[in-house]
Structures are given as C-alpha cells and as structure tokens.
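Q: Fit chain B to the given chain X structure using the hints.
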Amino acid sequence: MSVVRRGALALASPVLALLLAGLIITVVLAVIGDDIAGFWSVMSSVPEPRNAVAMLNQASVLYLSGVAAAIGFRMNLFNIGVEGQYRLAAFAAGAVAGAAWLPGYLNSLLAVVVAMAVGAAWAGLAGALRAYRGVSEVISTIMLNSIAGFLISYLIVKVGRTTGNATGTDPMPEGSRIGTIAIFPDSPTELYGLSLLAIVVGVLFWLVLNRTRFGFELRATGASDSAAVASGVDSRRMIVTTMLLSGAVAGLVGLPVIFSSAYNYGSSFQAGLGFAGIAVALLGRNHPVGIAFAALLFAYLSQQANLLNILAGISPDIVAVAQGVVVMSVVIVYEVVRRYRVRAEQTQVASTLSAESRAAAPTEGAAS
Amino acid sequence: MRRFSKIAALAAAGTLVLAGCGGGSGGSGGSGGSGGDSGDSQSAEDVCQSQADGDGPSIGVAYDVGGRGDRSFNDSAYEGLKRAVEELGATCIEAVAGQDENDNVRAERLRTLAEGDYDLVIAVGFLYSPAAAEVAPEYAETKFAVIDGFSQFLVEEPLDNLADLTFAEEQGSYLVGMAAALKTESDHIGYVGGVTSPLIKKFEAGYEAGARSVTPDIQIDVAYLTEDQDDSETAFANPPGGRNAAAPMYEDGADVVYHAAGSSGSGVFEAAAAAGDNMWAIGVDSDQYLTAPEDQQPHILTSMLKRIDTAVFEVTESVADDSFESGGVVYDISVDGVGYSTSGGFVDDIEDQLEEAKQQIADGEIEVPTEPQG
Chain X
1 MSVVRRGALA LASPVLALLL AGLIITVVLA VIGDDIAGFW SVMSSVPEPR NAVAMLNQAS
61 VLYLSGVAAA IGFRMNLFNI GVEGQYRLAA FAAGAVAGAA WLPGYLNSLL AVVVAMAVGA
121 AWAGLAGALR AYRGVSEVIS TIMLNSIAGF LISYLIVKVG RTTGNATGTD PMPEGSRIGT
181 IAIFPDSPTE LYGLSLLAIV VGVLFWLVLN RTRFGFELRA TGASDSAAVA SGVDSRRMIV
241 TTMLLSGAVA GLVGLPVIFS SAYNYGSSFQ AGLGFAGIAV ALLGRNHPVG IAFAALLFAY
301 LSQQANLLNI LAGISPDIVA VAQGVVVMSV VIVYEVVRRY RVRAEQTQVA STLSAESRAA
361 APTEGAAS
Chain B
369 MRRFSKIAAL AAAGTLVLAG CGGGSGGSGG SGGSGGDSGD SQSAEDVCQS QADGDGPSIG
429 VAYDVGGRGD RSFNDSAYEG LKRAVEELGA TCIEAVAGQD ENDNVRAERL RTLAEGDYDL
489 VIAVGFLYSP AAAEVAPEYA ETKFAVIDGF SQFLVEEPLD NLADLTFAEE QGSYLVGMAA
549 ALKTESDHIG YVGGVTSPLI KKFEAGYEAG ARSVTPDIQI DVAYLTEDQD DSETAFANPP
609 GGRNAAAPMY EDGADVVYHA AGSSGSGVFE AAAAAGDNMW AIGVDSDQYL TAPEDQQPHI
669 LTSMLKRIDT AVFEVTESVA DDSFESGGVV YDISVDGVGY STSGGFVDDI EDQLEEAKQQ
729 IADGEIEVPT EPQG
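Line by line, the protein sequences are chains X and B. Per my numbering, the first sequence starts with residue 1, numbered consecutively. Per my numbering, the second sequence starts with residue 369, numbered consecutively.
Just chain X, same shape as in the assembly:
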C-alpha cells in the first residue's frame, strides 16, 4: 500500500468517526423532535474567551483522569476505580491543606504528595488483590469506588465543617493557594495553575511508555500476557506497580480545582470525572496525544451544553449522549478501517504473489 493511501486511511478514521457521530446525534434529535438547526448552530459557535478558558480547565482534569485510566488499559488492567481514587485523594488533599500543618507552599506540596499517595494506595489495594488473590480488578475497583464515597462522608463529618447547608473541609490558608494564569485580559475565568500538571503528566507518560524498560514491559504485557511472562516479565509486580501509578495520577485529578478555585473539598466538588476519564482514554486510543484531543473534545461538548440549553432549549443531557456516541463511533470506525486496511494489504500481497508466480510459471512448467 502506498504511503499516501496509508496516510489518508489514518486521517480518515477520526474524520469518519466524527461524521458518523454527528449523523447519529442528528437522527436522535430528529426522533426526539428537538431543534436540529439550533443544535448545530450552537455547537459550532465560537466560544467566548471565558468559555475557552473554562474548557481548558476542564480538559486538563479530564486529561489527568484519562491518563490515569490509560496507564491501566495499556496492560489490559481495567481500572474503573479512578472515580473513587480521585475523590478520596481530593478529600485527603483538602483536609491536609485545610489543616495547614506546614507554612505556605510547603503545605500545598504536602497536600499534593498526600493526594498521590492516597490515590496510589486505593488503587494499590485492587492491584494487590488482583496480583496475589486473583480478584478481578473490575469488581474490586467498583466496590472500592463505593467504599470511597462512604469513607469520605464519614471522615468529612469528623474533620470538616458545616456552613449553611453544605459540608466541606476547612478552607486552606491564603499562602497555600495556587494562583491562576490569565490567558485573556478581560475574562473572569482564568487557567488553574495546576492545570499545567496535565502537560507534565502527559510528557512523563509518553517518556515512561516509550523510553523505559518498565514502559516496554507494560506494553508487552498488554500486547500478549503469555509472551511477556515467557520473556521474563514479573506479571505480579507489573500489576501492582501499574495500579499504583494509575492511582497516583488519579490522585492529581481533583487538585487543580481544589488549589485554584474551591480552596477546600466540599459539597459542590465534581463527581463523575473518573468515569469520564475512561471514555476519554478510549477515545484517545490510550495515546498521550490522542487523550489530549479527546479531553478537549469532551470539555468542549460539556461547555457548549450550557448554551444549548439556554439558547436552543435542548436538554444538556443530549451532550452526555453525544459523548457516548462519539466513543462508540470511534471504536466502530477504527475497527472498520483496520479491517479494510488488512484486506487491502492482503489483496495487494495476493496480487503481487500471483503476478510473480505467473512470471515464474513458464520455467516451472518446463521443469515438470
């Protein structure tokens, strides 16, 4: 297959997937009887600067969550527990930062380390159960999600405070808060300082995956478990280490919001980012760059949902449907394109072979 054709196919997959998703959403809107033209004009409108910043903020936490999920996925570990890991870690970070045992940024640093440790420990539980007791990590992480919720509710009563109808951890001191970055001069929203963690984590993820022995073993185990074991990979150790890493990254998910906006862990903390991260990782094909595009797309969709509701009178829930449809169409289209490519390659090989054998035929015939 020519290079041009190969490149066209690679580009065709995401484009086709988005077209298919758009088509399905249009059909869904038509069936419900919603305003299709309104939907598309709102969704394609250029966001205001403040929305653009909000999208970047949301994309950065989705990216962290996506990478946390992708680390496990690369070796076929389905860590559904990112949800519980990041919530518990965010709560721990909020509690530690609020307690203010250390001055200034030392306090923030401690809170970040605690968050990563808590996330890693919560994921490590599931990893150890899988490695040493053979418990499926799918089951154990789902259960740990639920336990995390109860644990937070229990602990928040012990260490938190109630203001009006809300409960939360104590607000952290001014000196431990992390500033925001103004991207546009007169936008009321600014980029969270810790959003930059997403870039750091992305680069590290790529480096570890492609430039270290651990990354190689991780990819090898994902590609073929038995082949990896045969070539000397200690699969138990791999499972535990991978879950610890995945959990540590999950621990970062809640931090940009806590340190730059909410200043505590409270009632209005966003849940559901862990599950969204699974979809983002799949959409980004578990690739550091792919996940970034997926996170941006999901953040874009959820921001525009607001306008959709107010300007076009369409329920914002349609956007959750849209996100699901995008994930499905990406998987379907990639599979179709992959099969097409395999078949094209086979045809090509076959025709080359038959041409060669035809060229060789006269001599063969003479010999027999």
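Do not rely on the hints blindly, as some may be mistaken.
Stated by the list, open to error - Here are the computed lysine to aspartate or glutamate pairs in the EDC-like style, where the Cα-Cα straight-line distance is at most 20 Å:
| # | chain 1 | residue 1 | chain 2 | residue 2 |
| --- | --- | --- | --- | --- |
| 1 | B | K551 | B | E723 |
| 2 | X | K158 | B | D620 |
| 3 | X | K158 | B | E595 |
If you are wondering where the hints come from, they were derived from the structure by calculation, not from laboratory data.
A: This is chain B only, laid out in the frame that chain X set:
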C-alpha cells in the same frame, strides 16, 4: 487488546448514554419531595414561552439536575415562577443542570442568564452557591437568589445583589413529628432520610423534637438511604430503597413513617399502603396527598410543606417593587415558609394542638433544634 477495548468502549458509552437518560432524578440539592400541586407542570406547557410579553421583571431560572417535571424541588420552583408570570407580568427563561457538573459550568450558566439582561437570576439548589458567589460581583445590575443556598458564607464582603433563600425545615418537621406522635397507637414511629447531609438532618431533628414534645420516650426508627453526599441518585431517586427502608419499620411495629428523600419517598408510601390499614406515611416539600395514587392516599397523614414556590414568587415581587433583600433570607413558620398540609382530613382532630405549637414556634416560645439530639 482489541477485544478488550471494544468491551470497554461499550461499557463507557453505555454509562454515558444512561447518564443522559437518567437525567430525571431528584434534585441533588433538594430536600426532595415528589409532587404536590405541581403535577400538571409536567406537560409540555411552558409559561416562559407562552407568555413572553409581560412588563414585569425578567427572570432567569437555573434548575437543579432533573429540571422541570421532577415532581419535586424543581417543579415547586416552577410553580412560583408560573405565579410570578401570571400575577406580576414577569418574563422568564429557564436552564437546567446536567449530571456531575463542576462550579465552572454552573457559574457559566448563571453568567449566560445574567448576560441576557435579566433583572433576577434564581438558582434552584444549594450546589449553585459557590457559582453564585463568584458571578454576582461581575453583574452588579442583576440580582441573584439561591434556593437553600450558602453563598453568603463564601463572599468576602456582603453583596447587595446576592441572597440565599433558606427554609426552617426543622420547624415544619416539628409539627409533623407532633402529628406522628399524636396519631401513633404503638408509640413507635419512623423516619427515612435521603442522605446524611446537614440539610436532611434538619428534617430528622425537627421531627424527633416534635414527637418527643408529645411523648418523651417515643421510639423513633431512623434510616438514611445513603451516606455518600455525592450520590443523589441513591438518596433522592430511589423508590425501591425508600420501600426497603420503611417496610421493616412497619413490620417492627412503627405505624407512622416520615420521609425526606425526594422521589424515593414514593417507596415509603408504597410500604405504608402494603402494611395495611391505619399505617401512615408523611410526605415532604409539597402536599403529596394530591399526587399520590388512589390506593396510597388513605395512608398519607399529612405533608411537611416547604414553600419554594412562595420563595420564588416573593423574591420576584421584591425585585418588581425594588425591595430586594440581600444576604440570608429565612422562610420560617412565621411567614408560612414551612408548614403542614391538611388534605385528606386525617389531622383535623389534632389541628388545634398543631396550630398552638405553630404559634409558639413563631413566637419563639419553642426553639426547634437543627441537629438530631439522638
């Protein structure tokens, strides 16, 4: 690996699509309640679109998760909105929250409403508090009101365009607690709460205090559907959970059960109906006798009324006549912000006692605790 990612994608997409479908849950900020006289607002009628030519104040309303048609929290706000449109000539626009939002998305919703040159933005549900505290300083010309809100605790200095409309749920609960204690024949009653949040604990505290004021050693069974404050599905959109919590109370001898669990409460009514004659349930937020199925109506003793509709109407009125009050506005029993319903006539014989207690609470002679005494 390929098969793995396909299964994973199916699961992830399924979750998202189901989340989209599941939008009709009880409000996460809501103390719950299903129905009331608001059942009719489920139809396609939309007062914001049908009557867009009023000359009264213009209102933007941001609903909690579920939006209109939840027969609960949001519908009660809509009732108030409808009244404001009809009586004050208000014009309005509505927006609804999606699942699992963050403060940014909520703030953006309030900004978009404020930018449409609306005089008043009403945010339904206490989760809007941080967002309202952030947005209010940016739009000095627009008034912001948060139902059940705590935004006043989040701003550095008081803003004159931001109000929290809260309710003295414990006072209304005190009265239905008295009703329960006066009606029980076994001196054994029950309470089912949605989630162990400070808001829902207020219902328990009042109920308990009211019941003990009648019978000091009355037995009160208490159950909460979840302790996870982020899990509003299990708390407020979980009728089977409500039924499972209430049924054993009736079996153990309780004959009145009060719920503060949103639409999960319909399970409590089912359990009361299934437990047989003279088994009672007490509704919450709106007059639930009016929306309950016929077979459950004879079991609904009364309902604790939380007048979100009154709050929405009155705050609109205050904007119309320029008397908007900022800071914390409490709708308590003295302004009929909370109370009890009499539909069905089951509490007629004890109404004198309830009215007397109501007066005493309003006068400050009885002080109702906001935290359960145990």
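Q: Are the hints correct? Go through all of them and say.
A: Hints and how they fare:
1. B/K551 / B/E723: holds, 16 Å
2. X/K158 / B/D620: violated, 32 Å
3. X/K158 / B/E595: holds, 14 Å
When each numbered hint is compared with the structure, a violation occurs for hint 2 only.
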